[in-house]
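Q: Could you build all of it, start to finish, from the sequences and the hints given here?
Residue numbers (the numbering used here): 1 to 367.
Simulated from the structure, these hints should not be mistaken for lab results.
Okay, the calculated beta carbon distance ranges per label pair: (1) 17 <-> 239: 46 to 56 Å; (2) 354 <-> 39: 51 to 61 Å; (3) 356 <-> 210: 28 to 38 Å; (4) 332 <-> 352: 23 to 33 Å; (5) 20 <-> 213: 18 to 28 Å; (6) 213 <-> 110: 17 to 27 Å; (7) 351 <-> 198: 41 to 51 Å; (8) 346 <-> 17: 43 to 53 Å.
The beta-carbon is built from N, C-alpha and C at its ideal position, and this holds for glycine as well.
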Amino acid sequence: MGAAKLRGMEPIGYVVHEIGCTTCGAGCSPIEIYCPRCGSDPLEGMGYLIGPLARGQFYRMVGIRLLVVGLLWGVVLIKEGAIRSHEFTLLDTLAWVVVLLIALVLSGFLRTVWQLWRLTRMRLVINSAGLVLFYGGHGRIYLDQMDWGELAPPLPERSHWLLKLFRAIGHLMAVGGFHGLALLIPEPLKEVRLHSRVNPMRCWSIPLSPALQLPVHTLTLLAVHALPHWLASGQVRLEPGYEPTPERPFLVLDLDRRVLRAYAFREVLLDDAYIEPPMRPVGVPLYEEPRPESINPDGTRVELDHTLEPERAFDEVSSVRPPAFAMPYGKHYWLRADWNLIPLIESRRRASEIASSSPSPSEHSQA
1 MGAAKLRGME
11 PIGYVVHEIG
21 CTTCGAGCSP
31 IEIYCPRCGS
41 DPLEGMGYLI
51 GPLARGQFYR
61 MVGIRLLVVG
71 LLWGVVLIKE
81 GAIRSHEFTL
91 LDTLAWVVVL
101 LIALVLSGFL
111 RTVWQLWRLT
121 RMRLVINSAG
131 LVLFYGGHGR
141 IYLDQMDWGE
151 LAPPLPERSH
161 WLLKLFRAIG
171 HLMAVGGFHG
181 LALLIPEPLK
191 EVRLHSRVNP
201 MRCWSIPLSP
211 ALQLPVHTLT
221 LLAVHALPHW
231 LASGQVRLEP
241 GYEPTPERPF
251 LVLDLDRRVL
261 RAYAFREVLL
271 DDAYIEPPMR
281 PVGVPLYEEP
291 RPESINPDGT
301 RVELDHTLEP
311 ERAFDEVSSV
321 RPPAFAMPYG
331 KHYWLRADWN
341 LIPLIESRRR
351 ASEIASSSPS
361 PSEHSQA
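A: Written out as structure tokens, the structure is:
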């Protein structure tokens with residue numbers, strides 16, 4: 001099936017042959033990124049677009065790894081054929097271990113290929129009204145949609161034990177210094193399950209590839225729109241003692257626990273780089289002189305509202321440095337959503353507290 005995997009059921013939604021380009025009105029395929037008439041995106045202006053993965057990018061990502069794995073496989077087979085006439089040695093054992101490892105890598109690689117191929121046949125549109133999914137399957141293109149009140153909090157796809165083994169092998173290779181071999185262990189793409197609270201048959205399983213958009217960004221974008229509905233329906237609860245306040249403007253949504261917490265920016269220690277404040281646009285006037293219309297009829301001078309000046313606005317933005325991937329939520333808050341996010345933040349906080357409380361080496365030497 002296409003990008004919407006419905007657990008063995010027939011696809012739901014509508015069959016669409018083509019849609020009108022939002023720029024020129026020509027009929028276009030909804031899972032193509034270029035209109036044949038005007039060259040623009042047929043869905044431009046409909047909302048935030050995720051997908052499809054370009055075919056050329058798919059072939060590059062798949063072909064390079066397939067070539068490397070094939071070369072390694074050939075080397076092992078040639079080596080095995082050259083020593084077949086000799087007695088069974090330790091080298092033979094190592095060769096078969098390598099063959100087994102390559103077989104494991106190839107099986108995980110095939111899963112990654114399947115996930116990437118699904119991304120070439122799907123497109124997700126996120127806007128203020130809800131979600132629209134275009135996906136290919138059975139030789140057709142389907143359209144399905146959900147509004148924000150219908151969407152349940154996203155669930156992660158359950159990891160198979162074989163995928164966990166791949167991650168462990170790749171981690172051990174990286175720790176052992178075999179970074180080149182670690183690249184051969186494919187990192188399975190994260191998948192998100194978007195299911196409807198109203199229609200149990202409507203369940204979308206969508207791979208999240210960093211080649212298109214980082215998973216944390218997609219999850220946060222979904223949460224920005226759907227969080228009011230989740231809180232109102234009780235699907236997400238606000239943890240007591242962590243209520244949002246002006247001193248705690250950073251909202252953390254843990255999708256595993258379905259818990260919302262508010263933190264101060266200084267309390268959130270993540271590995272992500274911080275968002276750089278935007279630069280002031282070139283050519284923006286500084287408003288050093290009052291405009292003619294800023295004089296009252298009685299001749300007095302109108303006090304300018306300096307908070308509306310571009311340079312003042314950028315100064316205010318630069319003073320706020322939320323963690324990466326945080327998005328504005330309302331006027332005074334920032335939101336970030338991910339799986340297992342609260343335990344990650346708490347573990348980093350404890351590590352920072354322990355590091356700050358432990359004496360430094362200079363203090364030890366002075367003692």
